[in-house]
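Undergrad: As a plain string of letters, each chain reads:
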Amino acid sequence: MPGVTRRQFVVSLATLVWVAGVASPVRAAGRTGVKVSLDRDRVQVGARITYVVEVTREGAGTPPDPVLPAILGEAFRIEGPFVGSSVKSIFIQGRASRTASFTHTYTITPLKPGEFRLGAHIVDDGGSKVSSNDPLLVVSGEPLPAKTTPEGGKPSEARGEVFLWGTVDKTQAYVGEQIVYALEVYERTRFMNIGLRTLPTFKDFWTEELPEGERRNELVDGIPYRVHPGIGRALFPQRAGTLGVGSAEATVGLRRRVTGDAITITVQPLPAQGQPSEFVANNVGRYSIEARVDRNRVEQGQPLTLSVSVDGVGNVRVVEPDRWPVMDGMRRYDPKIDTIVEIRSDGDGRPLVGGKRTYEFLIIPDRVGKVTIPVHKLHFFDPTRERYDSVETAPIEIDVVAGTGPGLVETQGRPSAEKGTENASDLRPPVSGDTLPRHVPRRIWLTPGRWIAGMTAVPTIVAAAFVGRIVARKVGGDDAARIRAQNRARRRELLDDAREAVDGGDGFHATMSQLLQDVAVERAGSEGVGLTRPALLGLLADRGMDESKLDRLRRLLDRCDAARFGSETGDAAARRQLLDETLSFLRDSGLGKGVI
Amino acid sequence: MKARLGAQCLVVVVLGGGPATVRADAVDDAYAAGNQAAAVQDWDAAVAHYQRATQLLPQLNSTLAYNLGTVHGQAGDLGRSTYWLRRSLDTRGGPTSQVVDLAHANLAEVRRRAELAAIASNAQIDRPANWWDVLLDALRAPWVGWASLIAGLGLLIVWGLERRRPGRRGALQAVLVGFGLAYFALGLLHGLALRADSVAPAAIVLGDRVDVRSRPGRHADSAFTIQGGARVRIFDHSPGWQQVRLPGGLAGWVPEDVLGDLSSGRVRAGEVASPQPDTKKTESD
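For the protein sequence lines, the chains are A and B, in the order given.
Residues in the first sequence are numbered from 0 upward in steps of one, following numbering that gives the first Met the number 0.
Residues in the second sequence are numbered from 0 upward in steps of one, following numbering that gives the first Met the number 0.
Derived by calculation from the structure, the hints in this document are not laboratory data.
The structure displayed is predicted, hence computed values, not measured ones.
Each residue gets a CB set at the ideal place from its N, CA and C atoms; glycine is no exception.
Watch out, some of these pointers could steer you wrong.
Across the chosen pairs, the derived CB separations fall in these ranges [unchecked claim]:
hint, chain 1, residue 1, chain 2, residue 2, range
1, B, 40, A, 277, 28 to 38 Å
2, B, 97, A, 292, 41 to 51 Å
3, B, 40, A, 401, 22 to 32 Å
4, A, 595, B, 169, 34 to 44 Å
Excised from the complex, chain A in its bound form (with noise of 0.2 Å):
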């Protein structure tokens, strides 16, 4: 290029990219960008700010929606927003572009003054975050009081393409008293998919379930509206002071969220004044009381059923009659308690909560003639009139004739008697004394600590004798002690022979013999081995043996010889006075170690 230098072109170049690539303000992240304006930046609390957002997005696809900054929330009403939409598409160089444009558009009203930073964001499809500018606003004056929902009224202005209306039918009750709760969704362009995403909080409340309202149209500030039914609620507040209900929030589509107000209820106690004793706090409404039997005519002893009923309208799951009245001449067990919980109306055909809840008594007169089941009170305060009243069943009499079968009957396993009335004569009388037989406590000596103890025992001891063994095979006494040990172990396999043979005879001499030879053997020593019974008892003789027990050897060995070698070999008798001998031998020579 004439006149241009090598180092002005690269600046040129450089500073080309820099002012594409960052100075932009709209910087997308990927091919999105979003960028807010506000008609003005200085206002008084109360003042109507137009706040715009306005979303781009390069290429296909829908632009995200914008999310508002937490403070809008926080320090502003919000009405909208209404969506204005753009598609604009160019070729370059045979390459077509698109570029679509949504602009969302809120007006926002300061609830308090400050000073506001009011960018927003979205989200693009690779989850980056892509900020808008942040234009500041500046609010002065008094900040407004929280706007609370009227009465059962309609909105008195739009607030925007759609929102939650919640209303009560009185912001001021008693406690007890019942609260008429509706919550609806204004919609001015149709909307797919609006969903309750928060229901609003009732503390301190009792609710019961109303019937949702039907759909219509409505006009709010001269725009049409649709009105979809959202929830219906009678509350009851349990206490005193100023209760709220929680504001609700709804999900529009798959992203936009919408916020009802709150509604703060006074409720005052009950008047102290005029308050009867046996009333309940429950018992807010209006009700009537009823009782029936099922007969008037029963033989005594036999039962009849006592249905006490209060209806009317109010919380019936927890109203209450005052306490049941002594029945003379009756036995009265517990009740069953049944409660429907019906939707009644009012006067101006508003839904409200009532019901009926029934008492049934099993009845048993004792005795017989005319008895009378006396009334039955209930006690309420009546909130519309504001005071306290009362209703009361009437008396019903009946009539008890004598009985003829026994006294007390159990039908279909009817409630069970009251305390003390039972026949006395159903339990065993206590056992009569002036003194207390006494005993002496039996110790259990096998505790279980014991017992486990012993348990373990078992198997410890099985295992100590393998690891024994083990131990011993590895590191055991010398060979002689081994052969000794195995010697003893032969012998006793000798004599178990000998004493199994002792009936039958069958090698039971040879085996006798054999024990002998082999006892004699180790008693003479190595040199014992292989040598002739003359010689064996000669060394024995050698080795310090007693002379009458080698005389009792000798003799053992002459008669096994001759029973085995000699036609005569004995009785069963025999043999066992043989074995006898032997073993007494073995033990008083002391041969006998290990093998008896």
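Knowing the structure of chain A, use the given hints to seat chain B on it.
TA: Frame of chain A, contents of chain B only:
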């Protein structure tokens, strides 16, 4: 001087031997007073006298427990009646055959009333004892423990013989197997029965009806109501609360003072004392 000293010593000896005699008389006095009150059907007074006797007599006495259970039943306190009648059957209390028969009869009657009361008030109660409970009680008995120990001892002896008498292995092995089976089977069953008692001791619910909470705490949600006299197992503890379970599986938390422990052989002073008359109502809070 010496005579005076000897007299003083004698006085000390006499006085030193005195309290034991007085204590025994006090128990009999309370017992007799309870019997007199029961004879005129003054059940509350009888309960008070028998209760005093149990406090003076620290170990379990079956006759006294039976009387206390009976008068509780007459007064309509099914929970405490069940508890004391069951305690009267405990062998550690030395029950006579007469007491056993009477206690079984009264226990059946009290049980019947408790079941009816549970039906009427929609309260939960344990199922009646079946063959499995009887079997568990039998397996828990000391004789089963002794039998398993003897089987173990026999197992050791026969095993030793079998090692030393190789020629007799056939016969000894049969005996060895028999002792081994007895040792393992009886040991396992007895151990399981003992473990059940130690891990989850049995108790009786006192009072009329008790609200069982989902967690320990006066303001916790009530899971269900349990009838007084129901037999439960205690599984867990929390300060002032115990977690109980019915044989059917329902579980929850109750205050520890509404349970009578059946596993202890001793009677603690003040245990399961009857409530004052103005507090005799459903313990729901």
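Undergrad: Are the hints correct? Go through all of them and say.
TA: Hint check results:
1. Taking the beta carbon of each, residue 40 of chain B and residue 277 of chain A are about 33 Å apart, inside 28 to 38 Å as hinted.
2. Between residue 97 of chain B and residue 292 of chain A the C-beta distance comes to about 46 Å, which sits within the given range of 41 to 51 Å.
3. At about 26 Å, the CB distance of residue 40 of chain B to residue 401 of chain A agrees with the hint of 22 to 32 Å.
4. The hinted range of 34 to 44 Å is not satisfied by residue 595 of chain A and residue 169 of chain B, whose Cβ atoms lie roughly 22 Å apart.
Hint 4 alone, counting from the list given before, is not met by this structure.
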